[in-house]
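A.B. asks: Listed here are the chains, written in short residue letters.
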Amino acid sequence: MSIEELSIDPGLAAPPRRSPFRKLLRDPQAVITASLLLVIVLLGLLTPFIAPHDPNEAQLSAINADPGTPGYPLGADQNGRDIMSRLLHSINTSMISGLIGASVALAIGITFGLIGGYFGSRLRSVTEWVFSLVMTFPGILLLIVLMPVTKGDYRFTMLIFGVLLSPGIYRIVRNLVVGVKNELYVDAARVAGLSNLRILARHVLFVIRGPIIIAAAFLFGGAISVQAGLAFLGVGSTLVPSFGAMISEGFLNLYIDPMQFLWPSVLLGVITASLVLLGNSLRDAFEGVKLKPAKIAAPKVEQVAGRAESRPSDALLEVDDLVIAYPTPSGKLNEVVKGVTLRVNAGETVGLVGESGSGKTQTAFAILGVLPAEAVIVRGSIRLEGRNLIGLSERELRQLRGRSIAYIPQEPMSNLDPSYTVGAQLVEGIRATTGLSKREARERVLALLKRVGIQDPKRTFDSYPHQISGGMAQRVLIAGAVASRPKLLIADEPTTALDVTVQAEILDLLRDLQAELDMAVVLVTHNFGVVADICDRIAVMQNGQVVESGTALEVFREPKHPYTQKLLGAILDEATVRTDPPVSAGALAGGTTR
Amino acid sequence: MNSLLSRPRALTRAATAALAVSAVLATAACASSPSNERPGESNGSGGGLGTAELTIAVAAPPASLDPAQLAEGEQAFIWASVFDTLLAVDQENEIQPNAAESYEYSDDLRTLTLTLRDDLTFTNGDPVTAEDVVGTLERTRTTPSPQQPKLAKVSSIEATDERTVVVNLSEPDPGLLSYFAQATGVIGDPETLDEESSTLRPVGSGPYTLADATVDGSEYVLERRDDHWNAEAYPFKTFTVRVIQDRTAAFNALQAGEIDAGRIQPQQRPQVEGAGLTVHEQEAISSLLIILADRGGELAPPLADLRVRQAINMAFDREQFVETLFQGVGAPTVQPFNPSEAAYNEDLEGTYDFDPEAARELLADAGYEDGFSLTMPSTVISQSFEPVVTQALADIGITIQWEPVPPQNTASSLASKQYPAALWFMGLNVPAREVADLYAPTGFLNPFNYEDPELTELFSSIANEADEAAQAELYQELNAFSVENALNAPIAYIGGLWATTEDVDFIPEVSVLPTVRNFGVVEG
Amino acid sequence: MTLYVLRRLGAGLVLALLVTLITFLLLSPSFESVVRERLGPTATPETIAGMMTELGFDRPILVQYFDWLGGVFTGDFGRSLFTSQPVAPAVAARLGVTLSLVVTALLITVVISVALGVWAASRGGVADKISQILSLVGYIVPGLLLAIVLVVVLAVNLKLLPAGGFTPFSEDPARWAASIAMPVIVLVIGGVANMAAQVRGTMIDELRKDYVRTLRTRGVSTTSIVIRHALRNAAGPALTVLSLEFIQMLGGALIIENVFALPGYGQYAFNAALQGDIPIILGITAFGVILVVVVNLVTDVVNGWLNPKARIY
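Residue numbers (the working numbering), protein chains in the order written: chain A, 81 to 674; chain B, 36 to 559; chain C, 72 to 384.
Hint data in this document are derived by calculation from the structure and do not stem from the laboratory.
Ideal Cβ placement from N, Cα and C applies to all residues, glycine included.
Treat the hints with care, since some could be wrong.
[To be verified] Under the rule of at most 27 Å between Cα atoms (straight-line distance), these lysine-lysine pairs were calculated in the DSS-like manner:
{"no.": "1", "chain 1": "C", "residue 1": "Lys-230", "chain 2": "A", "residue 2": "Lys-375"}
{"no.": "2", "chain 1": "A", "residue 1": "Lys-103", "chain 2": "C", "residue 2": "Lys-200"}
{"no.": "3", "chain 1": "A", "residue 1": "Lys-418", "chain 2": "A", "residue 2": "Lys-375"}
[As the list claims (entries may be wrong)] Restraint ranges, calculated between C-beta atoms of paired labels, are given here:
{"no.": "4", "chain 1": "A", "residue 1": "Leu-105", "chain 2": "B", "residue 2": "Gly-292", "range": "56 to 62 Å"}
{"no.": "5", "chain 1": "B", "residue 1": "Gln-436", "chain 2": "A", "residue 2": "Arg-106", "range": "31 to 37 Å"}
{"no.": "6", "chain 1": "A", "residue 1": "Leu-105", "chain 2": "C", "residue 2": "Gly-81", "range": "29 to 35 Å"}
{"no.": "7", "chain 1": "C", "residue 1": "Ala-186", "chain 2": "A", "residue 2": "Ser-201", "range": "39 to 45 Å"}
{"no.": "8", "chain 1": "B", "residue 1": "Asp-247", "chain 2": "C", "residue 2": "Leu-140", "range": "49 to 55 Å"}
{"no.": "9", "chain 1": "C", "residue 1": "Leu-140", "chain 2": "A", "residue 2": "Ser-205", "range": "22 to 28 Å"}
{"no.": "10", "chain 1": "C", "residue 1": "Leu-140", "chain 2": "A", "residue 2": "Ser-99", "range": "42 to 48 Å"}
{"no.": "11", "chain 1": "A", "residue 1": "Val-210", "chain 2": "B", "residue 2": "Glu-88", "range": "17 to 23 Å"}
{"no.": "12", "chain 1": "B", "residue 1": "Asn-159", "chain 2": "C", "residue 2": "Arg-246", "range": "32 to 38 Å"}
{"no.": "13", "chain 1": "C", "residue 1": "Thr-124", "chain 2": "B", "residue 2": "Ser-495", "range": "32 to 38 Å"}
{"no.": "14", "chain 1": "A", "residue 1": "Phe-101", "chain 2": "C", "residue 2": "Ala-245", "range": "53 to 59 Å"}
{"no.": "15", "chain 1": "C", "residue 1": "Thr-124", "chain 2": "B", "residue 2": "Asp-247", "range": "34 to 40 Å"}
{"no.": "16", "chain 1": "B", "residue 1": "Glu-308", "chain 2": "C", "residue 2": "Gly-146", "range": "31 to 37 Å"}
[Said to hold, decoys possible] Partial chain A-side listing against chain B, Cβ under 10 Å, derived:
{"no.": "17", "residue": "Gln-139"}
{"no.": "18", "residue": "Met-164"}
{"no.": "19", "residue": "Val-315"}
{"no.": "20", "residue": "Tyr-335"}
{"no.": "21", "residue": "Arg-467"}
{"no.": "22", "residue": "Asn-468"}
{"no.": "23", "residue": "Gly-471"}
{"no.": "24", "residue": "Asn-607"}
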């Protein structure tokens, strides 16, 4: 596999928190493989002192000597050469191959990756072209055609091989540099008058060091395997002891003395496996621990036994003492929602207000049953028309979703599947909840698109998400949410990602739809302005708790909790021209640090 | 050819076998005779034609089946089935009539008259005439090809009647009859020779013809022509030659019963015998020697000194070589000539016994008490022996530097005069060809064109000697000269092992041109 | 679309010309020694010179190259120096063997990898552990050793499968399957290690995306989310890996072809390079580059179909 694939796992990584090196020390896989490699390298370095024989010393009397023959601890091969000495010397051959292959590939790949990534597009297209040429060139052919030049010396061969491997590194570096280049700090550095070279050296190299170290481990292993493969095929000098040559000789002698085959195979296997495993550990250390698979399922519930029974209720939604927690690396649970209680009546609009991290979105997800896989519901209940949703299976929840509860997300673009047309996605939702035929569903979608204010519904229906604007995408998502006439609509910051002018239109649309369909709406937002516009009641959340709730009028007129007061102050601050003295810095600082 | 045995270490994972066989070793093993019995005798199960089938494995496909482009070696399995050769060499290495039912030299050895059989036919039904023979030979003589140099001394060829071919020579050529018994002597159909198809599907008059099932380069299926004049000598109705380059893969195919016969390594012998196969041993098919090419000391002055060359000859424990490295398949020797041929002289064998002490003294006498260093090409041929050879010479103070040479430059490495010495195989042959290769001024194994008045004299006597016994004596004399002057450093004869299934017999014991006639059917 | 494909093919053609020219130049110093090797031990300066003339090797390099190129445009790639076969059919036959091996292996690899990767990514837990261990084992066990063990056990000792050789599908499908079974197993084990990890990774990534949650809230079934949506989006990166793997397998099947005595493309290329069979080397290079260009083009077109955003035409 290519180095590129090995070392880059797009999007899989969460940013590292601790120093990667300290993390490596705590990873048993890294420690064991690194120690193994260290021991092997040490053996290689000590070879001149500990090898009993010269690797090419051939004694006719020792041909195929058994292990344990005096002077030949592991026996001798078919040319009467000491197997142990040859193994030890082969370690050095491997290591040198790895060093040369990896360093040449890195040197070329990094240099041109930096150039291609950092400088203009013309230079980039030249490097791009050259590297694609290198990639298509038949490598083995080149190695053999050049044998008269290299004289079969494995070091030259590895040098050429390094060149052949460099496109992988080039691509990694180029992509990283292109990504980093336009980031703010490089811009800032450029404005500050730093030379290109210094920017590259200081900022860019720092960013790419992780992927490079990882790639180096895989390159090293790759070069060792290739050298062994070529030696196995018989390319190169026979006087250079190497695992490949030993395997080839042992293979021939397989039926006479299988051990001759086994020794070099095992040692080569240990070295390459250690490098692969070490590379994996390095990746984990530098790029953060990989995310685990997220099973699509209803949230985990800690105490199913104690869960509240369903009971008749006149409220549409009752959330009672809801506690949501996430496991920390040490295994303890960290609560992010700490006993939220919330009530929503049919047809009313409730604002759930708080800053990011206050737990409002977690609460919303819990109501929908779509919390991330790691989340645990520690206790509490969520009753929809009296039926407790906590503990229901994904299948049972699916019956409710779309029909009874629906959802409008915050970021319109990422909430549409980029691979399907808008229409196809909406049709699928409608058919899943209503069982309409394809054609009926299509007509309903077109009508809905028109209803949510889209000028040319047909065209939008056939558009892919990347072909429509953010505002239009949000209308599409609203259409998707209300398609099956839900009783409760949960809108998570439905306007935050939009332009100010579009925001108002979307809110108007929501208000109209709410009235038309007689839905209850839970509006999750950080913006009191939005709340003021359309909410009947308000619940203010801070640090996972509802700190204040009441009718919109009450809360706006007489905010009781200091946090509410602060939030209200902030919108005034934002919305009005500065006629009042600014809110004191002290008050702000106390509120914003969460 | 013998590459299988002689390269126990394996360069040959892949292609190199192909090369070794097709090019370098073409000299090897191709000597003599296709026939374990006289032509005309039946090899089959008495009366009627045999119906058995035979599948064997070889390491390389034939380079071309165009008569001029034929190469000797394993390729002969195919071309010797498709073509008739004018003459043949029998098991005693005697030249025998074949397609030519008789042959006769003039007294001055400058005219050879061949008379063809009257029952030869091409696969297209046409009879084979003297004109066809002349056409084929004339084309070979004028086409740059591996066979062309063998006709260098032929000045003209003519057909005097339907069945008589007269070959005129500019000077006597003691090797000519053996050439006519091998690739040079095949009879092609001049009408189709220049067509491109003849490189793959030639028209011949041989006992077999290539069937449609043939896949060029990987599997050659040969069907017997039951109307061939000598069909009874061929017990196999179908003869399939599979190309398997990797030796271990061939070995696996043998064990799995997918082929009936194949070469094996000595170390594979117990395994093969355990699997119920029969192993047949050929004692000598080529010789392993260090060609001390630079006897004039152009590149390596020490080699000009007889004492140095003798010292090198004394550095090898030949018995142990054969016993351990070849597992006893082969024989130690100090002379490179075919042991079953006239040039071989058993009395010479004691000339250079293993004696590193004496060798060092000789080197000291020559002024090299601190030894010296010698560069040799590391080729597909030498690789398997490099460790032991390096060690043996290091023990007397000579350091060998091996310079890797790509397989496609193997022959060039010797011919290029870049290396004063080379570790080489020489395929065993008839003496005329062996001496020409080794010591003629233009010989392939004599790249520095070494000459010596005594040698020149011997060469000319041999060429002009019509009497076989007298010629044999001269060959022995030449051999003795080469051994005493340590012109080269022969190490050992290398033998070969063939493994066959129970019902297939492998006949030749000494050296052979590899053909389907090497195999027989085991009765009952 | 058509224009785009034509443009890409045109660029590929230029690349093929350039690569073959470089190969030609690299090979040119060895022409004489190749001829000597072809002529064998009896070669004399005269026969060498004669054959050089006959083969046209005594002409200026560029003239030779353009002559070769002219032949290529009329479908004539020349003939092998060492087997006399016409190059195009010979290379095509070898390519056929390797392609039937590699394509079969890749199809199986894809099926297993997708099943394993999707299973691991959407179930987690034990499924994930199993798939990760399988991947790791595939990485660590060298294909060469696996190949040898398979031959010794399945072919030589148990005689279940042929030890080597190739039977064309058209000749006998059952024997064809038997003849490529072991090499395919070796390739699949190596390939799955790579692909399954890739599919698992991108699937995990996809399943955590916002649109998955939104689809859930609309009552769309889990199966549809995983297969129709997440897998389709994960297919793009996986396809890129697949195309790289394909290209690598073409040349990388060399050792496997050797162990199993398959007359394949990798082995043929290696032999031709070792022998210096110039017409074959050039033919192999040209076929190889064109194949790589086509595979990359197909990858891009399919990627465009999978991912509307990436449509470049």
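A.B. asks: Under the constraints set out in the numbered hints, which ones does this structure not fulfil?
C.D. replies: Violated: hints 1, 5, 6, 8, 10, 11, 16, 18, 21, 22, 23, 24.
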